[in-house]
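Colleague: Protein sequences appear in the order of chains A and B. Note that our numbering gives residue 252 to position 252 of the first sequence, counting from 1, and the numbers run on in steps of one. Note that our numbering gives residue 573 to position 573 of the second sequence, counting from 1, and the numbers run on in steps of one.
The set of hints was computed from the structure by calculation and includes no laboratory data. Hints should not be assumed to be uniformly reliable.
Pairwise CB distance ranges, derived in the manner of DEER restraints [to be verified]: (1) Glu239(B) to Phe362(A): 48 to 54 Å; (2) Trp62(A) to Arg630(B): 48 to 54 Å; (3) Glu538(A) to Asp475(B): 43 to 49 Å; (4) Glu239(B) to Asp387(A): 38 to 44 Å; (5) Met234(A) to Arg225(B): 55 to 61 Å; (6) Thr124(B) to Met103(A): 53 to 59 Å; (7) Trp62(B) to Asp156(A): 52 to 58 Å; (8) Arg630(B) to Asp409(A): 18 to 24 Å.
Please read all numbers here as calculations on a predicted model, not as lab measurements. Each residue gets a CB set at the ideal place from its N, CA and C atoms; glycine is no exception.
Letter by letter, the chains look like this.
Protein chains: 2
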Amino acid sequence: MTHPQTRFLSVKVAGNSLIGQRRNAAKKSTLLYQLDVLKKTGRYDAFKLEWKDIYSQEPTVWPIPDHLFWDSDVAKWIEGACYYLQEEFLPEVDAAVKEMVEMIRSAQQPDGYLNIHYTLVEPTKRFTNLRDMHELYNAGHLIEAALAHNQLYKNDRLMEPINKYADLLYDTFGPGPNQVHGYPGHPEIELALLRLYERTGNTKHLALAKYFVLERGNPTGVNGRPYYVTEAEMRGEDERYMPHYYPKPMSLWYHQAHKPIVEQDSIEGHSVRAMYLLTAAADLAAHDDSKDCADLKRAVLRLWENMTCRKMYVTGGIGAIEQWEGFGIDYFLPQGTDEGGCYAETCAAIGVMMLAERILKFDRDARYSDVMELCLYNAVLTAMSWDGKAFTYVNQLASSDANPSKREDWFTVACCPPNLLRTLGQIGGYIWAYDANEKTRRASIDVHLYVPSTLRFNVGEEEIEVRQDNKWPWDGDISFEVRSSVEDISLNLRIPGWSSGYILEPAYPAATVEKGYLSLPADYVTTNKSFKLSIPLEAEWVIQNPLAGRNIVSLKRGPIVYCVEDIDNAWVHYHFRGTFVDINGRLTQSTVKDDHTGDEYVGLSLENGTKMLDIAQSQTGASMSERDFREQLDAGKDIKELHFVPYYFRANRAGKGHMRVGLQRQ
Amino acid sequence: MTHPQTRFLSVKVAGNSLIGQRRNAAKKSTLLYQLDVLKKTGRYDAFKLEWKDIYSQEPTVWPIPDHLFWDSDVAKWIEGACYYLQEEFLPEVDAAVKEMVEMIRSAQQPDGYLNIHYTLVEPTKRFTNLRDMHELYNAGHLIEAALAHNQLYKNDRLMEPINKYADLLYDTFGPGPNQVHGYPGHPEIELALLRLYERTGNTKHLALAKYFVLERGNPTGVNGRPYYVTEAEMRGEDERYMPHYYPKPMSLWYHQAHKPIVEQDSIEGHSVRAMYLLTAAADLAAHDDSKDCADLKRAVLRLWENMTCRKMYVTGGIGAIEQWEGFGIDYFLPQGTDEGGCYAETCAAIGVMMLAERILKFDRDARYSDVMELCLYNAVLTAMSWDGKAFTYVNQLASSDANPSKREDWFTVACCPPNLLRTLGQIGGYIWAYDANEKTRRASIDVHLYVPSTLRFNVGEEEIEVRQDNKWPWDGDISFEVRSSVEDISLNLRIPGWSSGYILEPAYPAATVEKGYLSLPADYVTTNKSFKLSIPLEAEWVIQNPLAGRNIVSLKRGPIVYCVEDIDNAWVHYHFRGTFVDINGRLTQSTVKDDHTGDEYVGLSLENGTKMLDIAQSQTGASMSERDFREQLDAGKDIKELHFVPYYFRANRAGKGHMRVGLQRQ
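Could you build the full structure based on these sequences and the hints that come with them?
Modeller: Have a look at this one:
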């Protein structure tokens, strides 16, 4: 059971790729920028437990106090900082980590408890509202921070208090008669505990994670009813007294707690919660052979399929609905606010990557890594500006007057920017996976993503170095070089599901592609220390599941989804809502070097295949004849060239804020 | 200011037309059937004010007690019954009306108050929750019942208590310092008071209607805040304590009370409330020359346009969203539950007809009467079975496993069946409108709908009789015959917006069509006492506003929208969701005489133009290439003939409950 958070230590990502550039921006700008924000907003020293005005303010999203997530904001920054500090000493960052860790230590209560809100603001109400109050979520992020800190500094300054807190939690929650039979409203601690178990080998951590995962959704958990129902009653809460994110009273599906995970057939509720929960479930299932965990594995795969086939945007984004930041019904994937939603939160796409990575451990199938890559390049990368200083939380696929396309400096609920920071920090662990058997002196290496990078690890005393060099995602030629005295090295290279084929040089006639992975056995690798894989990258129109009944097409090239922006298409009105494309029109491509950002990418254009309707004049009554509409379309304005840029590149230049991914087909 | 409720007395609808048949079914079956239900459910004698168990039950839709509408259920049945009794004496119906009226009389309190719930169940809480509790809505329906009763029986047995109650309301509500500055949560009383004013000439009734309409949405109505906010506070209600139909706290748009009507730009909230309110606003605006009412008229027309262009189904149905039984965002018109909604309540479509009729009085434009007809034949007629004994409340455009296509005997909230009953009862008043000037001996007649019928009215002592004969909506030939000694009779005949033209015989070269009405002046009518108008009826594919971005087409012929049902297309799976049509395929039509129902209609078929995909196998991941989808479609199952029946005819025969109006285009 290894995780990207440790595996990335074996990987060096080249700085000149798209991923490398964004990672550098995160290291050079985002880290310090976010540190500054932590300080300005009061988060930085919040573990000192001094009173701040915000603690008595009315919540923006009732009943969640705005400062409730501060523990996790601090923890995520520490975690991310520790990843970057692994490769470069950044004095200011290092000093801040150390100071923050001391403040966290100072906040711990004698019994091990560690939480800002419930120590300072509501000290008598610990663990009385697991459903809403993010207490265990914060604990999970503290665990992850401690793991990263311990990995970097090789000391227990943070690990020690966190272990103590974990002991308290183990004593508090569980099936025992004097224990609380609850589980977190927002999963996170489950996956953190499993990583903690990997480090400590302490079976308490495994047991608590397993309890949280398997107890969740128990319909008769406490007093014959679900835990949250009884808990709310004990708070004296009328069930009609609804949190803002509940569309109906006691919407337990919001927390994926409407039934046990193993009984769930469709992915529901808050999308980040769903991903974090399933990440833990997949991790647990990967290394536990019990019947419970076999059922769990089946449920995870079932829910993955439901999600990716029915509830995922073409960008990999998930969660259409703003109110509960989560999934709508099957195939309901509006592109923007004026179409009914498009939340596609950054953290949720990061969660999809986490889940895909966990599943790949027990089912190496390109259907998972294809989506992992889709999310990375589109739904995740789109959330940070080229310079690492501006962000998006919601990743809509189309702008509107209500929500123009733009980036923000920070957010009240600031989960996404530091999440992006820590994900890019450990990205090397997503690119490669490997298995080294010291006894047999065998190594098996999976290449899940094509990003210029070098993997180095040992089999016993011997080092293996594998390097991939490429201009992915713009060019499909990928060179590999293997350096090692180890003789039994096999490689599994992803052949994306969207590709029309591949070429391997030198050729290997016996090659097989199984579940989207080209397996190169040791005899091939030994003979060919250098070889090249070529995957054709061609622009193509894609649709969402046809059952969505939408007349919408999007442009995609390799893993990159494109969008149109007003800065390249100055004629635009109404956010391209009245723009209709001829999918048989001529597509051209060219390499663009953007002066402002320094970004280089392949731009696409549709020539003589675009019509624009003036939607303000489009007044049809309840219906209009299809024939009349054809005439109206024929009379529409011809657009000579419609220019597309990668979706992740949106909102990086000036502009009026008009942007759209999916366009109507003529 | 005349209304269909009185005007229908001048019209005799022929029994052999579609409308005539359904009207007969209502008279022969529905009236007695509904009377029986009123008795069985306890509504019939509820005005006796004896305690019933239901009064202490938990509400189905909190906070509305299930019995809260009983006053209106009784009133609507009485109203409908009185319309049918005008043309035929039905002893059992007559006796029931009389008994119910006496019970209503007996329930009146000494001060005039008249309401079941607030007299018996919560006697101390009168007028403390106008927002939710339907007190004034019930009063409105009692007024309408009294008007119909008085018109039939020419006595004041019901009018007297109702007038007394109206006096109490006039004293209670208004701008005075000791009056309540409130307005009904569910409009209805406004339009009823305007009709009462027409009958009584009592300016109190006009003034109270006007107060309710213009005060509505006042942002500083009471204590500097909207009335409902202050009212909730006075009830001691936390605003987070939300009624089930509120998606967010204090969603005043649900009641169209988020701002004054004259400031509203888009139609919002509960669709029946919106229609009843605008019906009153249009009626008020039609006869009041004040600045306020001129603004009101503009607002009504603006909201009509917003609704019909952006928020109306091809059937004329309105209100996509189940939770608040009302409007979603622009262009959001899913066809069924599994697509995100399709409420399209029967009462709302009836409300559209009411509103159209009121607007036509000051703006004779076929854009209003076209929609009125669209609603009648599709969104309204579809809600009653051929025999008048089974109903729909929600009129979805596509069935699903969760909501198969079927009819119900009755509903807990039983607004729709009696509403349909009373609408068909007065339908003559929608077909024709007229204006008779005794002094100039001139008459002007509008023909809004083509339904075989005879209009008879007097200009002074002289009678005018105009008869239209036709097989509409199946055949476009309409014969007119005018009989009268009055010489100055002009006619305005609707030329539907969807028609490709018209032929008049004998011809009238000087004829003009203005706003969709062909004007035939007195000299033409005098010369041609018989003439024929022919409007071509052709099947055509229609779409919703193209900005909806939907890949959906529906079949329409004249005013009739079609659907597909499993009984005619036995191969169907998944409610036709995987059915794709070629709109260039061959359409054939034939007259069908259905043995079971006796209905005769024009059926349509698409020959060799239908593909069926097995949607259970359709697994595409987050996106699929458009080219791959084409291949999948080409390999789909060919359906030789796809058979369509009129949408109103759905769920009248056996079947598995699969039905769909809009199909995907290939």
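Colleague: With reference to the structure, classify each hint as holding or not holding.
Modeller: The hints, checked one at a time:
| no. | hint | verdict |
| --- | --- | --- |
| 1 | Glu239(B) to Phe362(A): 48 to 54 Å | holds, 49 Å |
| 2 | Trp62(A) to Arg630(B): 48 to 54 Å | holds, 49 Å |
| 3 | Glu538(A) to Asp475(B): 43 to 49 Å | violated, 55 Å |
| 4 | Glu239(B) to Asp387(A): 38 to 44 Å | holds, 43 Å |
| 5 | Met234(A) to Arg225(B): 55 to 61 Å | violated, 35 Å |
| 6 | Thr124(B) to Met103(A): 53 to 59 Å | holds, 58 Å |
| 7 | Trp62(B) to Asp156(A): 52 to 58 Å | holds, 53 Å |
| 8 | Arg630(B) to Asp409(A): 18 to 24 Å | violated, 45 Å |
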